[in-house]
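**Student:** Read off the chains here:
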Amino acid sequence: MSTFQISNRKNGDIVILDISGELDAHTAPSLEEAITGLIGQNEHRIIVNCTSLEYISSAGLGVFMAYIEDVRELGGDIKLAEMKPSVYNVFDLLGFPTLYDILEKETEAVAKFNEND
Amino acid sequence: MAKSPTYKLEVPASTDQLSVARDFVCDHARSFGFGPAEVEGIRLAVDEAMTNVIKHAYKFDDSKTVYINVGMRSNEFWVAIQDTGDTFRIENYQEPDVEQRIKDRKKGGVGVYLIRKLMDKVEYSQKNAHNEIKMIKKR
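Going down the list, the protein sequences come from chains A and B.
Sequential numbering from 0 applies to the first sequence in numbering that gives the first Met the number 0.
Sequential numbering from 0 applies to the second sequence in numbering that gives the first Met the number 0.
I should point out that these hints are in silico values taken from the structure, not numbers from a laboratory.
Some hints here could point you the wrong way.
[Unchecked claim] DSS-like, lysine-lysine: derived pairs with alpha carbons at most 25 Å apart:
| no. | chain 1 | residue 1 | chain 2 | residue 2 |
| --- | --- | --- | --- | --- |
| 1 | A | K111 | A | K9 |
| 2 | B | K58 | B | K105 |
| 3 | B | K126 | B | K58 |
| 4 | B | K7 | B | K126 |
| 5 | B | K106 | B | K137 |
| 6 | A | K111 | B | K116 |
| 7 | A | K83 | B | K106 |
| 8 | B | K102 | B | K120 |
| 9 | A | K83 | B | K116 |
[Claimed, not checked] For each label pair, taking beta carbons as the anchor points, the in silico distance ranges come out as:
| no. | chain 1 | residue 1 | chain 2 | residue 2 | range |
| --- | --- | --- | --- | --- | --- |
| 10 | B | Q93 | A | K9 | 22 to 28 Å |
| 11 | A | N41 | B | A36 | 37 to 43 Å |
| 12 | B | A128 | A | R71 | 44 to 50 Å |
The beta-carbon is built from N, C-alpha and C at its ideal position, and this holds for glycine as well.
Given these sequences and hints, build the entire structure.
**Tutor:** Take a look at the structure:
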């Protein structure tokens with residue numbers, strides 16, 4: 000069975016979700032729950048740190064597709080950082096790099112949120 | 000001529016079996032001589048095809064079975080995924096506009112597009128109440 004874990008931490012008013020393992024149709028609902036939970040708490044400055052994400056399928060990408068507009072309408076964003084090349088390739092195949100902020104380092108994602116203040 | 004080897008796996012149509020199917024196919028892809036990038040591409044194509052079967056052909060009925068066959072012939076590696084559920088009509092398929100799907104808050108709908116990008120050839124067929132998607136990758 001796919002293993003997937005999420006934990007979150009805060010950096011000022013930014014929430015950082017650390018995701019690890021395999022994100023597929025089996026595990027995507029837990030990421031969806033985490034993101035909708037944050038939106039419900041009015042947390043809309045979100046960084047997803049993918050350091051330990053080993054694999055993603057379109058079911059995982061679908062979570063980012065479904066909620067990015069909601070978050071942006073609230074004045075926030077979902078920025079992605081620290082992807083392994085094999086994970087980045089999947090985002091790249093669908094043209095995500097022109098639609099999402101995908102940063103090499105988490106610190107760059109934090110800086111990007113702060114520069115827009 | 001010697002028959003090309005084929006390997007079979009049958010799993011319940013449940014998303015918790017996706018990693019089992021992915022690992023099964025990838026082990027054979029590696030043995031066939033594919034490098035890490037190709038193996039990752041095959042892993043994703045298998046996942047997308049099986050997810051579509053679970054979701055669209057079987058509508059999440061986990062009492063149903065997904066049949067996975069893997070084979071090799073000269074420089075070709077193929078994966079066939081079969082089901083006995085609703086038939087996918089490739090003739091009705093349209094390439095997704097990802098930007099528009101994001102605007103419409105759509106959760107995906109890009110699996111077939113990925114499969115076609117990742118594999119060299121993709122064939123759909125129906126025989127004896129079985130639907131099949133056959134995905135071919137050349138070495």
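**Student:** Please go over all the hints and tell whether each is borne out by the structure.
**Tutor:** Going through the hints against the structure:
no.	hint	result
1	K111/A with K9/A	16 Å, holds
2	K58/B with K105/B	18 Å, holds
3	K126/B with K58/B	20 Å, holds
4	K7/B with K126/B	18 Å, holds
5	K106/B with K137/B	31 Å, violated
6	K111/A with K116/B	32 Å, violated
7	K83/A with K106/B	23 Å, holds
8	K102/B with K120/B	31 Å, violated
9	K83/A with K116/B	20 Å, holds
10	Q93/B with K9/A: 22 to 28 Å	42 Å, violated
11	N41/A with A36/B: 37 to 43 Å	41 Å, holds
12	A128/B with R71/A: 44 to 50 Å	46 Å, holds
Hint violations for this structure: numbers 5, 6, 8, 10, all remaining hints satisfied.
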